[in-house]
Structure formats: structure tokens, C-alpha cells
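Asks: Full structure from sequences and hints, please.
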Amino acid sequence: MLFALDWLLPEPDDTRARLKAVTAALAAGDAAQAAAGLADLARHRLDLSALAHVGKRGRALLAMDAAAGGLSPVRLGLLGWSTLSFTADAIMGTAPRFGLAIDVVEGDFGSPLQQALNPASRINSAGLDMLLLASDARALGLAAPAMSAADAADRVEAALAQVQAIIAGVRPHIGSALLVETCVPPLEPIFGNWDAVSGLAPLALVEAFNRKLIAWAAAEGVVIIDVARAAASVGLARWHDPRQWHGAKLAVAPDAAPAHADLVVRAIAAIRGKAKKCLVLDLDNTLWGGVIGDDGVEGIVLGQGSGRGEAHLAVQQMALDLRSRGVILAVCSKNEDAAARLPFREHPDMLLKEAHIAVFQANWQDKASNLRAIASALNIGIDALVFLDDNPAERAQVRAELPMVAVPEVGSDPALYPRLVLSAGYFELLSLSEEDRLRADLYQKNAERAALAASASDMDGFLTSLEMVCTIGRVDPVSRPRVAQLINKSNQFNLTTRRYSEAEVAALEADPAVHAIQVRLADRFGDNGIIAVLIARRGASTADGRPAWAIDTWLMSCRVLERRIEQACLAHLVAAARADGAEALLGTYIPSPKNMMVADHYAKLGFAPAGAEGRATHWQLDLAGRPAPDLPMTIIDSAA
Amino acid sequence: MLAIIRDIMADVLDIDADEVGPETTADDFEEWDSLSHIRLMVAIERRFGISFDNAEIADLQNVGEMIALIEAKGGKA
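The listed protein sequences correspond, in order, to chains S and D.
Per the working numbering, the very first residue in the first sequence carries number 1; after that it's consecutive.
Per the working numbering, the very first residue in the second sequence carries number 1; after that it's consecutive.
For the record, the hints were derived by calculation from the structure and aren't laboratory data.
We treat Cβ as the ideally placed atom computed from N, Cα and C, and that holds for glycine.
One or more hints might be untrue.
Claimed, not checked - Listed next, the stretches of chain S that the computed footprint assigns to chain D, with coverage defined by at least 3 CB atoms under 8 Å from CB atoms of chain D: (1) 13-21; (2) 52-64; (3) 193-205.
What the hints assert, rightly or not - Some but not every residue of chain S turned toward chain D, in silico, with C-beta under 10 Å: (4) 49; (5) 82; (6) 85; (7) 89; (8) 243; (9) 462.
As the list claims (entries may be wrong) - Far from chain D, some chain S residues (derived; all Cβ distances over 10 Å): (10) 47; (11) 125; (12) 567; (13) 595; (14) 624.
Replies: In C-alpha cells form, the structure reads like this:
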């Protein structure tokens with residue numbers, strides 16, 4: 001599965017022509033066209049060579065257009081002990097698959113520690129957003145057997161210390177995130193079966209190292225790329241090619257490079273907030289065997305007793321498991337609505353119930369239109385959808401109409417669906433917050449709130465009926481993980497789209513010149529958790545020299561739109577800035593491909609235009625004589 | 001056989017390979033460096049279902065010798 005990236009379309013037979021078309025678009029200066037062509041190619045199962053060609057053009061695109069034609073640009077440093085050029089090629093070629101344009105800066109061969117410790121090294125002076133350290137058992141002294149338990153422990157500690165020193169060296173020079181790979185154990189046994197018992201075999205050393213590495217990384221906010229696990233699922237014999245190690249110091253076999261790169265890039269995409277959010281399920285022959293409209297509840301194949309029925313159950317179980325970790329579920333089916341809902345209500349073996357489905361679209365419209373409706377109802381981007389459908393024609397229609405939707409290329413056997421969908425890494429998670437666990441429920445509740453809104457005659461009456469409690473507090477170590485997650489994921493309601501890592505958020509908390517707050521919202525349907533983050537900087541001044549606060553970051557979760565939370569946030573800022581002696585608030589809107597919805601945010605809140613800089617617009621609100629607004633909620637403010 | 005090799009080279013090296021002949025060497029193409037040579041060998045192994053030793057690869061002087069090696073390994077067009 002992972003080795004061949006089986007969930008992607010097979011490589012097209014006209015790769016060369018498509019590459020030429022991208023070259024032509026680049027020559028014509030058409031960045032958007034080039035980006036679309038690269039993304040289209042990268043959605044196929046490309047081998048290392050094709051990835052290298054895509055990557056080369058991605059780099060040319062970045063050189064031509066800093067905005068990469070709509071792909072999200074990332075400068076990634078690569079350090080390790082082996083030849084990393086293929087890894088670099090494969091990562092750059094894979095990037096457009098995830099909506100990214102990655103330019104890789106390769107460290108020099110074989111001396112990562114020296115490069116990390118030298119502030120003037122190419123890696124440390126390249127202005128990198130992220131850095132990936134490719135661990136290697138041989139270079140870290142873990143590939144030969146230990147002679148005693150003490151020797152084993154010493155070597156594991158020394159290996160970890162080396163990785164820690166490298167990360168400490170590069171950390172001040174990396175803007176956003178640090179990624180470290182787990183070590184792949186050597187395939188070859190040394191003691192035989194006793195390897196598992198000894199604690200001395202290379203396998204034992206690597207496993208001990210990986211455990212310590214993972215614990216350290218979690219505590220330090222370093223992102224783990226679990227290459228050891230990927231190599232195990234691909235098969236160590238395919239991951240390691242001794243000929244390529246000795247011939248070219250390649251730690252990953254060329255044929256495994258596409259899988260390796262996918263593993264890395266999906267994590268980078270998640271850091272950039274591009275992980276998928278919603279699994280959209282077809283019904284007939286996906287969630288059950290047969291056609292409900294023809295076969296009826298008694299006729300569909302589902303449940304114990306038949307291989308096919310159990311396989312469909314497993315698909316449902318996968319959906320439920322994803323839902324429990326925060327993935328939203330939706331249904332998109334060509335059916336009469338009543339017929340489509342029948343199994344959910346009446347079939348005794350159905351694991352999925354209507355209550356698990358946030359949006360249920362069963363009608364005769366085309367699926368692309370229904371997917372648009374699902375994204376719009378959930379207030380998430382269309383590119384946050386994964387669409388699982390057994391029907392190749394439906395998949396093709398969706399791919400043609402909505403290329404940004406992830407459509408796993410599943411065959412006709414449902415037994416393989418869970419493995420394909422889960423191996424594809426669509427829902428890559430960097431950490432699990434309480435909000436993640438509750439999210440699927442929250443979106444459900446939103447649908448109920450929308451129904452209530454439709455029945456409430458006036459908006460303020462509706463909002464009052466929600467019994468909202470808005471809690472404003474400083475960003476602190478407890479809220480930090482969720483705050484960092486929002487900072488890195490929020491695209492739509494985000495005025496400046498500035499990304500800060502957890503470590504950077506910690507630094508902001510400690511900075512006396514910064515006022516960083518997080519806002520929680522509960523209502524009678526439940527607790528929404530942290531739904532807004534604002535970061536303001538003291539010590540700014542207006543054009544005419546009066547003291548002011550500058551709003552660096554203002555973002556909100558889209559699920560609390562139309563709840564007047566913006567006004568509550570602004571009221572807090574006005575009061576806090578005024579208490580600090582400021583006379584104005586300064587706001588900036590930096591347009592991105594996704595944040596058009598807040599282009600008028602400051603105007604709506606009463607800010608006056610205060611100039612523009614490139615595509616960014618500046619806004620100013622004078623604080624004198626601004627009354628506190630009357631808002632339909634209880635506000636608990638501990639950050640004033 | 002030469003046509004197949006040209007096709008593989010065009011795919012692997014991102015070049016127009018129409019001019020490739022038995023006398024062609026890595027010096028003739030900027031894109032044909034030591035790393036893309038590895039990709040080329042991997043692609044040939046995959047296409048013909050054969051496997052090279054590092055020593056055999058190191059000895060190759062031009063496309064003609066490469067074809068001879070493929071045929072000696074039982075690779076058929």
C-alpha cells in the first residue's frame with residue numbers, strides 16, 4: 001500500500017507531455033497554470049524520476065513567483081548522514097500533491113552536527129521555515145551489536161545526545177517547525193531469535209533510541225516522522241538496498257523514496273494546516289453491499305456471516321474511529337433521501353447512525369455539487385474533504401470538477417478500503433487536543449444551532465437563547481498546544497495568516513511587549529473550546545505619533561461565525577489597550593487565497609482605512625469615547 | 001532495444017533522447033550525472049526485470065555497453 005502509494009491514480013502515460021506543458025506555462029510566466037499542472041501530476045503514483053522532474057519545476061515556479069501560483073511555499077532544510085539528494089527531489093516532487101511548493105536546501109554530505117553548530121553554515125543562514133533531520137542507525141552508532149547492557153545504554157544516550165545537539169544548533173535559525181525521523185532498524189539479525197531478547201542487538205538499540213527520541217521530541221515540540229514504522233510496513237528488505245548504500249550512500253532505496261517523501265510531506269502539510277478535516281462517504285457498495293433503492297434493507301449485504309458484509313462493517317468502523325479523533329463524517333449518495341436513511345435507522349448491523357453524520361446529502365445531483373454543499377454547510381474548505389466512493393465514474397467526475405478534493409483510488413473490494421484510506425495519511429495529526437476529540441460532535445451541534453437559527457425570528461433573540469459564555473484568558477502553557485494548532489491551521493478567518501510554532505507561542509507569552517489572548521466559547525449545546533486567538537503588540541504608534549497597539553494576529557474558528565464573538569474580542573482589546581495608555585488600535589489585513597471572508601473585518605468593526613502596503617491593508621481605530629458594546633453573552637475576562 | 005533505452009532515458013533524465021545512440025556517454029548530457037545515473041539503472045532493472053552489481057554499473061562506458069549488459073543479463077526488448 002504505502003510502498004506504491006496505491007491510493008493515488010496510476011502514473012499517466014503522458015507524463016512527459018504534461019511536464020512539457022508545465023515548462024511552457026513557466027516560460028510564459030503563468031504561475032497559476034504551472035502550479036495546477038504540477039499538482040495534477042503529483043496526484044499520481046510517480047516514480048523517483050518523475051518526482052524529480054516535478055520538483056525541479058516546482059523550484060522554478062518558486063523562483064518565478066514567491067506565491068508559487070497558489071501553492072503554499074515552504075523552505076525546508078535537510079540534514080542527515082547519507083546522500084539526501086533523492087530525498088530532496090522526492091519531497092519537492094511530492095509537495096504539490098498536498099498544495100505545497102517546497103524548496104529544499106540540502107546540507108552538505110555527512111556532517112550534520114558541524115553544520116548545525118556553525119551559525120554561518122548554509123543550513124543556518126538559508127532562512128528556513130522547517131528542517132528535517134534524517135536519522136541513520138549506522139551514523140548514530142546503533143547498527144553494530146553492543147557488548148553489554150551498559151554499552152547499549154551508553155550508545156543509545158550518545159546517539160540521542162547527538163540528535164539533540166543538532167536540533168539545539170539549528171533551532172534559533174528555523175522559523176516554524178523541526179522534524180526528526182525515527183531510525184530504521186537494520187534488517188539483518190545478529191544473534192537470530194535472541195535479537196528480540198538480548199537488548200544488545202542493533203534492533204534493540206534502535207528501538208530504545210526511537211523510544212527516547214519520541215519522548216524527547218514530544219516534550220520539545222519537535223515533530224516526529226515515524227520512518228521506522230513506515231519502513232516496517234513497506235518491508236525492510238524493500239526499504240534498504242545494500243547495493244545503493246555502498247554504491248551511493250543512499251539510506252532509502254530509490255523505489256521507496258516516493259513513499260518516504262509522502263510521509264514527510266503529509267506532516268509538513270499538517271503543520272501548514274492542510275490536513276483533511278472531513279471524510280465524505282458514498283453509501284451503496286461502500287458502506288454496505290448492494291443498492292438500497294433496489295435491494296431494500298433486507299437485501300443489502302452488511303454484517304457478520306459473509307466476507308463482504310464484514311468488510312463493509314470494517315469500513316464503517318474505520319469511519320467511526322476517525323470520527324472519535326475529530327474527523328467529521330458526511331454522506332454523499334445518489335439516492336432518494338428516505339431510502340438512503342433507511343439502513344441507518346433500521347438495519348441492525350449498521351455501526352454508523354444518522355447522529356454520526358454531520359451532513360447527509362442523498363439526492364440525484366452530481367457528486368461534485370453535493371461536495372460543495374457539504375463543505376459550505378460545514379464552513380470548511382473544499383480542499384479539506386476526502387471522498388470515498390467505490391464507483392470509478394463518480395471518482396472521475398469529482399476529480400475533474402474538484403481536483404482539490406482527495407479521492408482515494410479504491411478498487412471494487414471493500415476489504416481494502418480501510419487500509420487504503422488510513423495509509424494515505426489524509427488526516428495527519430501533530431497532537432491530539434481535547435477539541436479534536438469533541439470536534440465531530442461540535443459540527444453536529446452546529447447543524448442543530450443552524451436549525452434553531454432558522455426558527456428564531458430575530459438574530460439577537462437567537463443569540464441570547466444560546467446562553468453563550470465567552471471566557472477570555474491569556475495564552476498560557478495549558479492553552480498553548482491548542483493555540484498553536486489554531487495559529488497553524490486557521491485559514492479562512494485569519495487576518496494575517498502568520499504561523500507560529502508552539503515554541504514561538506511560548507516566547508510570545510513571555511514577552512512583556514506582547515498581549516496574547518485565547519478565547520473560549522460555551523453555549524447551551526456544549527463547550528466549543530478555544531475558538532479565537534489574538535496577539536497584539538504594545539508600543540506601536542499611529543501615523544500622527546500617538547501610542548497604539550498593533551494587532552499582529554486575529555483568528556477565529558469558523559464554527560462560531562455570526563455569534564458576535566468579534567465584538568467581544570474587540571471590546572477586550574479596546575479595554576486592555578486603553579488601560580495600557582494606548583490611544584488607538586492598528587489592524588492589518590494580509591490577503592491569502594483563503595481569507596477573503598475577512599477582507600472587510602476591520603471596516604465592519606468600525607476601523608478607518610489607514611493605507612496599504614502591497615496587497616495588505618492597514619486599519620486604525622481610535623479608542624477615545626468608544627462605549628463598551630452590549631453583547632448577547634456572559635463575558636468572563638481574566639486577561640484584562 | 002535502442003528505442004526502449006531512448007524512451008527510458010527521456011523519462012528518467014528529462015531530456016529529448018532522439019539523438020541517443022550506442023556511442024552516447026554521460027558527458028553528452030548535463031542531466032546525466034552520477035545521481036540520475038542511479039535512477040536510470042533502477043529504471044532499467046525495473047523495465048527488464050534484471051539486477052546489476054555495482055561493479056558492472058561502474059564499468060559502463062556508453063549506451064552501447066549498457067545495451068550489451070542488459071542483453072547479457074537476459075533482458076529482452
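Asks: Please go over all the hints and tell whether each is borne out by the structure.
Replies: For each hint, the structure was consulted:
1. Under the rule that three or more residues need a Cβ within less than 8 Å of chain D, the assignment of the stretch 13-21 of chain S holds, with 3 such residues.
2. Beta-carbon proximity to chain D at under 8 Å applies to 3 residues in the stretch 52-64 of chain S; the threshold of 3 is reached and the given coverage holds.
3. Counting residues of the stretch 193-205 of chain S whose C-beta lies closer than 8 Å to any C-beta of chain D gives 0; at least three are required, and the coverage claim is violated.
4. Checking residue 49 of chain S against chain D by beta carbon gives a least distance of about 4 Å; that is within 10 Å, so the hint holds.
5. A distance limit of 10 Å between C-beta atoms decides the matter here; for residue 82 of chain S the minimum to chain D is near 13 Å, and the interface restraint is violated.
6. Interface hint at residue 85 of chain S: satisfied, since its Cβ lies 5 Å from the closest Cβ of chain D, which is below the 10 Å cut-off.
7. For residue 89 of chain S, the suggested interface contact is upheld, since its CB lies about 8 Å from the closest CB of chain D, less than 10 Å.
8. Hint status for residue 243 of chain S: holds, given a least beta-carbon distance of 6 Å to chain D, under 10 Å.
9. Proximity of residue 462 of chain S to chain D is violated relative to the hint, the smallest CB-CB distance being about 60 Å (cut-off 10 Å).
10. For residue 47 of chain S, the condition that its CB be more than 10 Å from all CB atoms of chain D is violated, with the nearest at approximately 7 Å.
11. For residue 125 of chain S, the shortest C-beta to C-beta distance to chain D comes to about 25 Å, beyond the 10 Å cut-off, and the non-interface label holds.
12. Listed as a non-interface residue, residue 567 of chain S keeps its Cβ farther than 10 Å from every Cβ of chain D; the least gap is roughly 56 Å.
13. At roughly 37 Å from the closest C-beta of chain D, the C-beta of residue 595 of chain S stays outside 10 Å, upholding its exclusion from the interface.
14. For residue 624 of chain S, the non-interface assignment is confirmed: its Cβ lies about 64 Å from the closest Cβ of chain D, beyond the 10 Å cut-off.
Comparing the model with each numbered hint stated earlier shows that hints 3, 5, 9, 10 do not hold.
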